[in-house]
Structures are given as C-alpha cells and as structure tokens.
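Read off the chains here:
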Amino acid sequence: KQEVTQIPAALSVPEGENLVLNCSFTDSAIYNLQWFRQDPGKGLTSLLLIQSSQREQTSGRLNASLDKSSGRSTLYIAASQPGDSATYLCAVRPASGGSYIPTFGRGTSLIVHP
Amino acid sequence: DAGVIQSPRHEVTEMGQEVTLRCKPISGHDYLFWYRQTMMRGLELLIYFNNNVPIDDSGMPEDRFSAKMPNASFSTLKIQPSEPRDSAVYFCASSLSRSEAFFGQGTRLTVV
Chain Y
1 KQEVTQIPAA
11 LSVPEGENLV
21 LNCSFTDSAI
31 YNLQWFRQDP
41 GKGLTSLLLI
51 QSSQREQTSG
61 RLNASLDKSS
71 GRSTLYIAAS
81 QPGDSATYLC
91 AVRPASGGSY
101 IPTFGRGTSL
111 IVHP
Chain R
115 DAGVIQSPRH
125 EVTEMGQEVT
135 LRCKPISGHD
145 YLFWYRQTMM
155 RGLELLIYFN
165 NNVPIDDSGM
175 PEDRFSAKMP
185 NASFSTLKIQ
195 PSEPRDSAVY
205 FCASSLSRSE
215 AFFGQGTRLT
225 VV
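First to last, the sequence lines map onto chains Y and R.
Each residue of the first sequence is one higher than the last, beginning at 1 in our numbering.
Each residue of the second sequence is one higher than the last, beginning at 115 in our numbering.
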C-alpha cells in the first residue's frame, strides 16, 4: 500500500526566504505526482503536475522535482511571500493495477511572516 | 469551465437527520472522487466513480453513507442518519483519466 509522508508538518519562515518542502512515497511505481495548495477553509488548488517520466516542473516561483527511484519529490518556493502562507499537499497516482486513486500526504503548513 | 462545483458550502444539521451533499464535476472528466478531510485523519478517499460507475467504495465508513452518480454531470453523497462524528469537510474532485485532479471548494458539515 502506498504511503506518502510530508516533512516538515509545519514551517514558519520570514519573508524572502527560499524554502523546500519534502514529499516521500514508499512505492516508486507511480504514474504522476501532483502538488496542491490549500488555503484555510478552502479547497485544494493544483500547483504542479509531474509525470513519472519528468524530473521537474516549474511555474513562476515554484519548482517541483521528482526522483522516482528514491521515492522523493521536493517543492521549491523562491523568495517566499506572506501570500504563500497555506498548507501544501502532495499526491501520487499509481502506475498500474487499474486503480487511479491518488494517495495524499498530510501536508506541510507554511507560514511566511513579514 | 467553472471548475468543480459543490453545494452547499456549509451545512449544520442535527444528529439523526439526513444530509445530502452535491457535486458537479468538470465537463468531460471521467473520474469523480469524494473525499473527507479532518484534522485527525487528513484527506480520506470515500468513494470514486469512473464513467458514472462506482469503482471503489471501500473508504465509505459505514452503511449510513451512500453515493450516487446518475449522470456525468452530477453526483451526491448522502449520510443517513447523520452523527456528530461525521462533522468534517467533504470534497469532490474530478479528473480526466489519470491526469490532473481538480477539487471543489468543499462542504463543511457540522452535526450537532
């Protein structure tokens, strides 16, 4: 059974810092990995989707990398801003077995203070 | 497309009452997922549909929970009777095959 772990569970940084959020998974046979952002009281917003054949994806100040063999993905946020404060979740989809269910981590709660 | 639409956004009900949550997926998406989110357990998959057919409902906690998808543009999640421990945020999500999943804004359910 796939297990997804996100470390740290919470992070508080001053504005302007570059930071890295980690996501690890136990079964490397994945189809893709997706990073989400969740603001308090809101739904999940998709940030980046990385296919298993890709090594990284970029969107603005966000860069997500994938090392499938080691079961790890990182989300890099450059020059963090208070508006980046949210919970960040990663989810992986299996490569086979007919099940397309994404497995989610518990998320990293990020606070960027001015 | 307006994205995944859920209603209501908030629901407060008394224990024992029936609760119905509604979801309209993104047009053209063939997968629909119902999740429940709590502080204690995080995001839990309750059930998912493929082309309107329920594929895996092993996450449905009890027989009090049921879900239907009568057509490609509508799904419901029903709890009858509701209990205080059902209080959570319920999310609906849809995707096209195994591609990017899109979530609705959720329904915050409070059972008193």
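Just so you know, the hints here were simulated from the structure itself, not pulled from any lab data.
All figures in this text were calculated on a predicted structure; none of them were measured in a lab.
Backbone N, C-alpha and C define an ideal beta-carbon position, used for all residues, glycine too.
Some hints here could point you the wrong way.
Covered stretches of chain R, as calculated for chain Y (at least 3 residues, CB under 8 Å) [as the list claims (entries may be wrong)]:
(1) 127–138
(2) 157–167
(3) 178–184
Listed next, the in silico DSSO-like pairs over lysine-lysine satisfying Cα-Cα at most 30 Å (straight line) [what the hints assert, rightly or not]:
(4) R:K192 <-> Y:K1
(5) R:K192 <-> R:K138
(6) Y:K68 <-> R:K138
(7) R:K182 <-> Y:K42
(8) R:K192 <-> Y:K68
(9) R:K182 <-> Y:K68
Pairwise CB distance ranges (calculated) [stated by the list, open to error]:
(10) R:S187 <-> Y:H113: 16 to 26 Å
(11) R:Q131 <-> Y:E17: 30 to 40 Å
(12) Y:G16 <-> R:D177: 32 to 42 Å
(13) R:T134 <-> Y:S12: 33 to 43 Å
(14) Y:G60 <-> R:D144: 41 to 51 Å
(15) R:D177 <-> Y:R61: 27 to 37 Å
(16) R:P198 <-> Y:K42: 39 to 49 Å
(17) R:I119 <-> Y:I111: 41 to 51 Å
(18) Y:P114 <-> R:T190: 40 to 50 Å
(19) Y:A78 <-> R:S141: 27 to 37 Å
(20) R:S180 <-> Y:I111: 24 to 34 Å
(21) R:P198 <-> Y:A10: 21 to 31 Å
State the violated hints by number, sorted upward, taking the hints as numbered earlier in the document.
-> 1, 3, 6, 8, 9, 10, 11, 12, 14, 15, 16, 17 and 20
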